[in-house]
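Whole structure, please, built from the sequences with the hints as guidance.
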Amino acid sequence: MTVKHNDQIRKAVIPAAGFGTRFLPATKSQPKEMLPIVDTPVIQYVVEEAVASGITDILMVIGKGKRAIEEHFDRSFQLEDQLARQNKTRELEVIRRISDMAEIHFVWQKEMKGLGHAVLCAEHHVGDEPFAVLLGDTVIGAEKPATQQLIDVHNHYHSSVVVLEEVEPEKVSRYGVLKGRDLGDGLYQVEDFIEKPSVDQAPSNLVFAGRYVFTPAIFHYLQSTPPGKGGEIQLTDAMRAMVKEQAMYGKKLHGKRYDIGNKEGFIKTNIEFALKDDEIRDQLSAYIKQRAQEL
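Numbering (this note's numbering), first residue to last: 1 to 295.
Rather than coming from a laboratory, the hints here were simulated on the basis of the structure.
Treat the hints with care, since some could be wrong.
[Claimed, not checked] With a straight-line Cα cutoff of 35 angstroms, these simulated DSBU-like cross-link-like pairs (lysine-lysine) come out:
#1 K196 with K179
#2 K179 with K268
#3 K263 with K88
#4 K268 with K28
#5 K256 with K88
#6 K144 with K171
[What the hints assert, rightly or not] Pairwise CB distance ranges, derived in the manner of DEER restraints:
#7 Q293 with Q223: 51 to 61 angstroms
#8 Q246 with K28: 16 to 26 angstroms
#9 E245 with K268: 32 to 42 angstroms
#10 Y157 with A52: 17 to 27 angstroms
None of the values given here were measured: they were computed from a predicted structure.
We put the beta carbon where it would ideally sit given N, CA and C, even for glycine.
Okay, structure coming up:
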């Protein structure tokens, strides 16, 4: 297969079609990606990371009940007018910036057929360009955006790249785990991925962290990937097939992935972000100290 090289990565795909059942009943009528970290929806942090990495064109793959995501990134002229009338200049700037960050498009994943199928839904929009994939429910804090870290590797090797996070060995059974060759400086050449291995069978403690850069060849492998458990097309299965024929790299994350996939992690993330907020940090710190004494 011939792969065209176009190093300027300008497109990103954000899959955001899942149901978010761990956060029911909050997610019965509200997308999990719209749950706020302090005062900003999770998915906005993801979009801001993409934009900070030089992405100018974003495709969100959404499903039933996700209309609120579209509305969040669309302009609200009525709200803007009201804020202007009330001289709420700062709030007006914040609202306008949301809709001006990038060209944002939407495509519907009409059936929940897995992450691989969600990425495949972007094929027509992406075309023959390399592109980034950012999971819409994963927030990463880093001095250099995680997506930019991957783009830098891609621009050097002209290959697909995944971001890796080092986790405690006893947690590897929750993730897809890297089997690869250490090239130094946090870079690995991928040999295989093992999905949710037991601790004693894990080839490493480096796991997927929700960010990818793919060459367009990934679509060929996704089309060839048969449905697995639950009739879903798994992105990992396509990547495993791809790495047998094409070079792929893993980049150890310089930064922190915030675990918001469960209630405990979500609340901890909110507290951590709130403690960085100048407006509420001092009051919250005092409250936490008081509650710690009472406990």
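Here is how each hint holds up against the structure:
1. K196 with K179: Given pair K196, K179 holds - Cα atoms ~12 angstroms apart, limit 35 angstroms.
2. K179 with K268: holds (31 angstroms)
3. K263 with K88: holds (34 angstroms)
4. K268 with K28: holds (22 angstroms)
5. K256 with K88: It holds: about 34 angstroms lies between the C-alpha atoms, which stays within 35 angstroms.
6. K144 with K171: holds (26 angstroms)
7. Q293 with Q223: 51 to 61 angstroms: holds (59 angstroms)
8. Q246 with K28: 16 to 26 angstroms: violated (42 angstroms)
9. E245 with K268: 32 to 42 angstroms: Holds - the Cβ-Cβ distance for E245 and K268, about 41 angstroms, lies within 32 to 42 angstroms.
10. Y157 with A52: 17 to 27 angstroms: holds (22 angstroms)
In summary, the structure is inconsistent with hint 8 from the numbered list given earlier, while agreeing with all the others.
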